[in-house]
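Please construct the entire structure, taking both the sequences and the accompanying hints into account.
One line per chain: the protein sequences are S and L, in this order. The first sequence begins at 1 in the numbering used here and counts up by one. The second sequence begins at 1 in the numbering used here and counts up by one.
Worth flagging that the hints you see were computed from the coordinates, not collected in a lab. There could be a bad hint or two in this list.
A short, non-exhaustive set of chain S residues, derived as facing chain L with CB atoms under 7 angstroms [as the list claims (entries may be wrong)]: (1) Pro13; (2) His37; (3) Ser69; (4) Gly70; (5) Glu73; (6) Ser242.
Just so you know, even glycine gets a beta-carbon here, dropped at the ideal spot from N, CA and C.
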Amino acid sequence: MERIYVDHAATAPMHPKVIETMTKVMAEQFGNPSSIHAFGREARHLVDEARAQLAKSIGASPNEIIITSGGTEADNYALTGVAEANKEKGKHIITTVIEHHAVLHTCQQLEKRGFEVTYLPVDEQGKVSISDVQKALRDDTILVSIMYGNNEVGSLQPIQEIGEMLREHPAVFHTDAVQAYGLMNIDVKELNVDLLSVSAHKINGPKGIGFLYVKKDVKLAPILFGGEQERKRRAGTESVVSIAGFQEAVKVAQEEREEKVKQYREFKEILVNDLKEAQIDFSINGSLENSLPHVLNLSFPGTDVEAMLVNLDLAGIAASSGSACTAGSIDPSHVLVAMFGEKSEKLRNSIRFSFGLYNTTKQIHRVAESVAAIVKRITNR
Amino acid sequence: MIYFDNSATTKPYKEVVDSFVKVSTDFFGNPSSLHRIGGEADKLLIKARKQIADLLHIKANEIIFTSGGTESNNLAVKGAALMYKNRGKHIITTEIEHASVRETFEQLEELGFDVTYLPVDEEGRINVADMEKAISQHTILVSVMHVNNEVGTIQPIEEIGRLLKNYPKILFHVDHVQGVGKVPLDLNLVDLCSFSAHKFHGLKGTGFLYIREGIQISPLLTGGGQERKYRSGTENVAGFVALAKALRMTLENEKKSLQNIVKTKETVIKGIQEIEEITIHTPAQGSAPHIINFSIKGFKAEVFLHALEEKGIYVSTTSACSSKKHATSSTLLSMGVPEDIAKSALRISLSYENTMEEALFVVKTIKETVNKLKEVMN
Numbered sequence: 001m002e003r004i005y006v007d008h009a010a011t012a013p014m015h016p017k018v019i020e021t022m023t024k025v026m027a028e029q030f031g032n033p034s035s036i037h038a039f040g041r042e043a044r045h046l047v048d049e050a051r052a053q054l055a056k057s058i059g060a061s062p063n064e065i066i067i068t069s070g071g072t073e074a075d076n077y078a079l080t081g082v083a084e085a086n087k088e089k090g091k092h093i094i095t096t097v098i099e100h101h102a103v104l105h106t107c108q109q110l111e112k113r114g115f116e117v118t119y120l121p122v123d124e125q126g127k128v129s130i131s132d133v134q135k136a137l138r139d140d141t142i143l144v145s146i147m148y149g150n151n152e153v154g155s156l157q158p159i160q161e162i163g164e165m166l167r168e169h170p171a172v173f174h175t176d177a178v179q180a181y182g183l184m185n186i187d188v189k190e191l192n193v194d195l196l197s198v199s200a201h202k203i204n205g206p207k208g209i210g211f212l213y214v215k216k217d218v219k220l221a222p223i224l225f226g227g228e229q230e231r232k233r234r235a236g237t238e239s240v241v242s243i244a245g246f247q248e249a250v251k252v253a254q255e256e257r258e259e260k261v262k263q264y265r266e267f268k269e270i271l272v273n274d275l276k277e278a279q280i281d282f283s284i285n286g287s288l289e290n291s292l293p294h295v296l297n298l299s300f301p302g303t304d305v306e307a308m309l310v311n312l313d314l315a316g317i318a319a320s321s322g323s324a325c326t327a328g329s330i331d332p333s334h335v336l337v338a339m340f341g342e343k344s345e346k347l348r349n350s351i352r353f354s355f356g357l358y359n360t361t362k363q364i365h366r367v368a369e370s371v372a373a374i375v376k377r378i379t380n381r
Numbered sequence: 001m002i003y004f005d006n007s008a009t010t011k012p013y014k015e016v017v018d019s020f021v022k023v024s025t026d027f028f029g030n031p032s033s034l035h036r037i038g039g040e041a042d043k044l045l046i047k048a049r050k051q052i053a054d055l056l057h058i059k060a061n062e063i064i065f066t067s068g069g070t071e072s073n074n075l076a077v078k079g080a081a082l083m084y085k086n087r088g089k090h091i092i093t094t095e096i097e098h099a100s101v102r103e104t105f106e107q108l109e110e111l112g113f114d115v116t117y118l119p120v121d122e123e124g125r126i127n128v129a130d131m132e133k134a135i136s137q138h139t140i141l142v143s144v145m146h147v148n149n150e151v152g153t154i155q156p157i158e159e160i161g162r163l164l165k166n167y168p169k170i171l172f173h174v175d176h177v178q179g180v181g182k183v184p185l186d187l188n189l190v191d192l193c194s195f196s197a198h199k200f201h202g203l204k205g206t207g208f209l210y211i212r213e214g215i216q217i218s219p220l221l222t223g224g225g226q227e228r229k230y231r232s233g234t235e236n237v238a239g240f241v242a243l244a245k246a247l248r249m250t251l252e253n254e255k256k257s258l259q260n261i262v263k264t265k266e267t268v269i270k271g272i273q274e275i276e277e278i279t280i281h282t283p284a285q286g287s288a289p290h291i292i293n294f295s296i297k298g299f300k301a302e303v304f305l306h307a308l309e310e311k312g313i314y315v316s317t318t319s320a321c322s323s324k325k326h327a328t329s330s331t332l333l334s335m336g337v338p339e340d341i342a343k344s345a346l347r348i349s350l351s352y353e354n355t356m357e358e359a360l361f362v363v364k365t366i367k368e369t370v371n372k373l374k375e376v377m378n
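Dropping the structure here:
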């Protein structure tokens, strides 16, 4: 039985070119970039080249890129770093209820330390309203953190409009672009964001590496202290091999971006149309149009998420209930709660499909076929 | 090409590279995912954790994977201090810790903690009696490195551990980053212990923190709640499997490689001792087998480093993490080494791969280089 992986928002397989690059670097370059001899200088050169490519991919300059151990560290650093560096100016932070837990739990930590956090609601499509952001802004607001695209339902947030609005306000603007990066065309200047988080393993790069874009002159209080790496903003010997792999993943993602966006949007249509044709009762959580190309979250009335996932898994299909990081036990998704309320049946019957490398049209038809069969079985039709 | 800078970083074992590639290729799942692909990744992670636990005679749930030694040290020191700040705000460390410990203590000072930095003697070793004197009823944490990264001095960890048994409220953290595979450490005596894979032929960007069962610390990174909520973020499965393999190979070969390293070190020391301009800072007794720190009077360290590099010999001026700022080694200054001598300090650090022939060549080259540079300077 062919296994079909439609959980690319949880993590994605490494691209063969990425593995090839890393294998080569592991065998040939092991120097510590801080060493002043040739081994060190060669390793430093690899890190510099990668940083330049990462920077270019979002229209930033290399000095504005801090390489981290992944998306979680980038989000934690953005929030804690800005809050601690600006607490003299104010202690108010604005975010949304649908952020990734790396942002939400960090906000909760900051609340314990005396910061005040406004959690903005979203509409039924999973979108935050610009006027809500506007209304929440205060003189003592030091940070606004709103994700680019939601990891569970794919809803895209009006980042550029919010960025535009914040030109008139001194608050630092952070966006978690972990799910969007690689598929959306991101230019930090156009968006007017000050901070932006990215994770490599979501774009077919290695796990354990990511970056935080920090606009020039934005001050951050570090969370890791020690050596003077990353221009004193992130201590720790650079993970040279992973950084080289990350660079390769970015390169490939940029080359194939437009083609992939088109392909994943087609996958969504195929899945939706096939299910309609099979006369399956379902609804889309979020919208088809204003969403990340690769994320499709569907609700199947009369089913149960755990039964669905187990049956899908038996059929060789790997999908998910929501974010992998909360999936250890299936707690109701905070995103779906935000969209539909605590009592909605959708909290118990929704499945996230997310597309990526190696998925084919044929596979998506098979996913639809299996889903239809399982839904029919569970709902006794 | 002779790489004598293994305290800065080591070359990964071939088997480590192979296992990283294999896991990356065949098991890419997110361990938190409920489906089979996630489950397979989770199984590998559980296996790696168990393997490490067995090697170190600890429990699997006492291991928290991190992004490396720096994060492990930051997490241990800050996490313990913040967790137990209500019991007291006095914390103790030494003057010769790695920057990732020292600067974390400095940050805690800014947060209102009271820090005692214990001095060291001329061999770079703290005195346990000083520690005992420094302890007060407000003391909640002691952090002492096992093997100093710059001069190789071994700290009296066992003695400190036994002393601290009398103070159940004080947590004991040990930075074991330089000691792994070189100087054995009994984890029964410590509460928190830091490891970094790239110092024992694993990959950069991976490490772990040992946290004795029953102890809680405050996390640095929050989010998905991985690593029992102590360290959020999708686990670097391939990196941690590779780490377990590197640790296994290092510890299994420890005896054999140490015999070799000790002989290599003796050869280098015996050879360079004969050079009039050279002062050896690494103590003859009670130092790690792989580190030799010495000064060549009258020569700037960088000049000498690059002169050796021209002959294909790679050494370091001080710890790699701080070598960029060309600062004088604070460890040497704490040992009472005069500043002009400290400025000319070089560090040789060995691995199992280094040979006697390399040692002899390095000694010969150092002698020749001293003579040559002396001629140029006169």
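| query | Going by Cβ atoms only, is Gly70(S) closer than 7 angstroms to chain L? | reply | holds (5 angstroms)
| task | Against chain L, run the beta carbon of Glu73(S) and see if the smallest gap drops under 7 angstroms. | result | holds (6 angstroms)
| Can Ser69(S) be said to touch chain L, with a Cβ gap under 7 angstroms? | holds (3 angstroms)
| field | Evaluation of the interface hint that places Pro13(S) against chain L, nearest CB under 7 angstroms | value | holds (4 angstroms)
| query | Should the interface hint for Ser242(S) be scored as holding, given a Cβ-Cβ cut-off of 7 angstroms against chain L? | reply | With a closest approach of 5 angstroms, the Ser242(S) hint holds.
| query | With a cut-off of 7 angstroms, does the beta carbon of His37(S) approach a beta carbon of chain L closely enough for the hint to hold? | reply | holds (5 angstroms)
Violated hints for the displayed structure: none, as all numbered hints are satisfied.
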